[in-house]
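**Q** What follows is the residue order along each chain.
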Amino acid sequence: MIVLEAVSKSFIQGDESIPALANISLHVKRGECVVLKGPSGSGKSTLLSLIAGLMQPSQGEVRVDGKEISKLPEHFSAAIRRQKIGFIFQKYHLIVHLSVLENVMTPLIPENLPLHVLEMKAKAVMEQCGIAHKAKMRVNRLSGGEQQRVAIARALINDPLIVLADEPTANLDEKLSRALIDELAILKEKGVTLLIATHDPLFFDLGFVDKIIEIHNGEIIV
Amino acid sequence: MIADAIKLELNTTLKTLPQITLQRFVAGKQSDVPISRVDALLDIEGISSMTPRIWGYYYFKPAGVNFSVVGIDAYEEQYSQTLSKLTQQFDPKLLESEHAMIIGAGVKKVLSENYYTDFFNFVTSEGKWQKVSIAGIFNSDLTLESNDLILVPKKLAYAIFGMDESKATDIVVKVANVKEIPTIVQKITERFPDLRAITQDDIRVSYQNLFDYKSGFFLSLFSVCAFAFFIIIYDKTSGLSSEEKKEIGILKAIGWSSDDILKEKFYESFTLAMGAFLVGIAFSLFYVYGMQAPLLRNVFMGYSELKPSFVLPFSVDSSMFVLLFLLSVPIYIAATLIPAWRASSLDAEEVMR
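Chains as they are written, first to last, in numbering that gives the first Met the number 0: chain A, 0 to 221; chain B, 0 to 352.
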């Protein structure tokens, strides 16, 4: 489902090239749940962004569902993100002047679906994430936990094959973190491929996690 | 729109003005013209008719307004179409016998507000009361010309102004061929150097200058607004706010392509700019023609004392709307799309950060 072959990524700062990932190779099968663990700045988020096609690798190949997302024209990589991937960002990245419902519907707008279909899909995932009662509220008036649930609902509206979660419990208390883990377990049961970047110990002894990969200084250790 | 409406009214009014008006100047001041001059001038070839006019302004102190008082004679040819129509409606002989006058709608309003409903007492130049009854009210198509007008029999006009009956305020000349006007004017001034001939063109030029001057005042206001608009456009084009950039980054991250973002930005800016344009035009039309342009109208209408009664005729220049549209809507859309295109061509991760 997800294949990374000898992927490296460096960022240019002035005249300096700062390596973020070095020679990463990774294979994730369909329906697998992989946890990427490592300290802050180890390269976990960069790895997820490369898989989602949000940035290009400096070297190597990134293939998602058989397609080399890193080399696809922007229009096609956007379509893959829209149709196959759900991304839960660490900082939620919600559009603050829109309501909960509008935020959740946003990924499917380019699909040109009728409005009632969009609303129906959005309401279903909002129910699933327990945020439907705040549908008309602006997201900047929600608590951190509620914003996280909106971000999850937005990531799930397209019935993704892959869910990429970047530090999903970073801003949640333990109770909300466990609720989120339950949500992820349900997704895993449905056959969704999960890639979770985290340094939260709650994820390290879960029954539904198939693989834990440790990253340190941009390299896979285990 | 205000300028266009008033220009339309003025141009229509100017067409009804006399071809040549003769005024007498003594010691640099306007003076009454001896009526004997009419006979002396009639032998100039090309002149088809001459009409001595008795007219002047009457200041009505309680309202602080001037009325235009014009004397009419049943046996004389009327020098304007408006007067011809009015003398057909109201018999001047009857006015004379009943010591009455006919008044414009604006005059009627002012007099009614001051409790003069059936008659009015003029104060003559000798300080005597001159009671004149109101025989009728007229509504002309040309409100600018007739709104402040009072028509009285010539004898009564002489009495009100305290003028010698052998004199007139000025003389109106009609010519057979308009191309000969400059030649006739030359002949008249050669024969009577104290007469000043004012042609229809002279009045048109003088009004035009006045309007150009006042339009210039508005043009300067418009320039300030346009400058402010272009500063906003420059600001918009030079870069997006961090919030807007982040929004574009988020949209890319959740699966929007640059095309989708630009399409959305286009619809958004088009709706906003077109909506603002239409609301602005609707508001302008309502302000000028619905509300009669309060405040701004006075700048153009400075010479009329009966300003409130003047109705701006509907006059719309479609080329002005096209120009306004081209100067606002496409420019605003471009100013929205260019920075959005720049931001959407970057990596989503970079833009979000």
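Just so you know, the hints here were simulated from the structure itself, not pulled from any lab data.
Just so it is clear, the structure is predicted and the values come from calculations on it, not from any experiment.
Treat the hints loosely; a few may be bogus.
What the hints assert, rightly or not - Beyond 12 angstroms from chain B on every Cβ pair, some chain A residues (computed):
| # | residue |
| --- | --- |
| 1 | S98 |
| 2 | P109 |
| 3 | I156 |
| 4 | L171 |
As the list claims (entries may be wrong) - When the alpha-carbon atoms are kept at most 27 angstroms apart in a straight line, the in silico DSS-like pairs for lysine-lysine are as follows:
| # | chain 1 | residue 1 | chain 2 | residue 2 |
| --- | --- | --- | --- | --- |
| 5 | B | K127 | A | K83 |
| 6 | B | K173 | B | K127 |
| 7 | B | K245 | A | K135 |
| 8 | A | K90 | A | K133 |
| 9 | A | K135 | B | K262 |
| 10 | A | K83 | B | K166 |
| 11 | B | K166 | A | K133 |
To be verified - Rough simulated footprint, nothing fancy, chain B against chain A, three-plus residues with beta-carbon under 8 angstroms:
| # | stretch |
| --- | --- |
| 12 | 2-12 |
| 13 | 179-187 |
C-beta: ideal position from N, C-alpha, C; glycine also.
**Q** Could you run down the list of hints and mark each one as holding or not?
**A** Hint check:
1. S98: Holds, since 15 angstroms exceeds 12 angstroms.
2. P109: At roughly 4 angstroms from the nearest Cβ of chain B, P109(A) sits no farther out than 12 angstroms, so the non-interface label is violated.
3. I156: Not fine: 9 angstroms to the nearest Cβ puts I156(A) too close to chain B.
4. L171: Label holds. Min Cβ-Cβ 20 angstroms, cutoff 12 angstroms.
5. K127(B) with K83(A): violated (100 angstroms)
6. K173(B) with K127(B): Between K173(B) and K127(B) the Cα gap is close to 37 angstroms, so the pair fails against 27 angstroms, i.e. violated.
7. K245(B) with K135(A): Satisfied, since the Cα-Cα distance of roughly 22 angstroms is no more than 27 angstroms.
8. K90(A) with K133(A): holds (20 angstroms)
9. K135(A) with K262(B): holds (25 angstroms)
10. K83(A) with K166(B): violated (100 angstroms)
11. K166(B) with K133(A): Distance ~89 angstroms between K166(B) and K133(A) Cα, so the pair is violated.
12. 2-12: It is violated, with 0 qualifying residues against the three required.
13. 179-187: violated (count 0)
Violated hints for the displayed structure, listed by number in ascending order: 2, 3, 5, 6, 10, 11, 12, 13.
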